[in-house]
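Asker: Sequence:
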Amino acid sequence: VEGAGGADRGSLINRVLAMAVDAKKQRQILSRVTGGMSGGLIGITLNARMEDSRMTKIDSCANHAIISTTTKYGYSGGIAAEIYKYSRVSIQNTVNDGEVYSGADSARGYIAGGFVALMDGSLTIEKCENKGIVSLGKNIGSGIRGGFVGYASGDSLSISGSINKSNLTGSYVGGFVAY
4 VEGAGGADRG SLINRVLAMA VDAKKQRQIL SRVTGGMSGG LIGITLNARM
54 EDSRMTKIDS CANHAIISTT TKYGYSGGIA AEIYKYSRVS IQNTVNDGEV
104 YSGADSARGY IAGGFVALMD GSLTIEKCEN KGIVSLGKNI GSGIRGGFVG
154 YASGDSLSIS GSINKSNLTG SYVGGFVAY
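Residue numbers (our numbering): 4 to 182.
Hints were generated in silico from the structure; no laboratory data involved. Note that the coordinates shown come from a computational prediction; the quantities given were computed from them, not determined experimentally. Treat the hints with care, as some may be off.
Simulated pairs of lysine to aspartate or glutamate, EDC-like, Cα-Cα distance not exceeding 16 Å [what the hints assert, rightly or not]:
1) K130 with D158
2) K130 with D62
3) K88 with D62
4) K168 with D123
5) K134 with E102
6) K168 with D100
7) K168 with E102
Use the sequences and the hints to build the structure in full.
Answerer: Written as structure tokens, this is what we have:
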């Protein structure tokens, strides 16, 4: 799935208000996803109001794809590029071993996360594993990258029973959450 500069892209869903993905029948993402905000499963989750109780649930999925951005300040996440304000997302029993690059196809990168690049809503990650490369691309000197979440500024974040096996180095990095 490839998008023009500035467009958000997800290999299953581009923008979503609420959904359930249960891939216990071996549904896996094996493609390449490229855009301004790129996610292995979802580009961006949306909720218009805080009182909206809908939730996006992802269970037993795997991302093996190469996820990258094409814009100067793009976001890349192995599962989702962005969890938008007021969105509620639960990710369980899911694995990312795909390569996640922010800026891989451009001169500069911004935010990369093994599961989610930018989190501004509520996110729960349980019994998950990140084994993929999380990087800022070939020509990148600075930026934010995290094993599970690149940048978290939302309502709530919980990560339990999960493991990050990605090797992260540089400034603004974190094994689970970078910033």
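Asker: Next step is simple, just say for each hint if it's right about the structure.
Answerer: Hints and how they fare:
A hinted pair counts as satisfied when its Cα atoms are at most 16 Å apart, and K130 with D158 does not qualify at roughly 21 Å. Our distance criterion of 16 Å between C-alpha atoms is met by K130 and D62, whose separation comes to about 10 Å. Taking the CA atoms of K88 and D62, the gap is near 22 Å; set against the 16 Å cutoff, the hint is violated. At most 16 Å may separate the alpha-carbon atoms for a hinted pair to count; K168 and D123 exceed this at roughly 24 Å.
Note on K134 and E102: the hinted pairing holds, with a Cα-Cα distance of about 9 Å set against a maximum of 16 Å. Taking the CA atoms of K168 and D100, the gap is near 9 Å; set against the 16 Å cutoff, the hint holds. Taking the CA atoms of K168 and E102, the gap is near 13 Å; set against the 16 Å cutoff, the hint holds.
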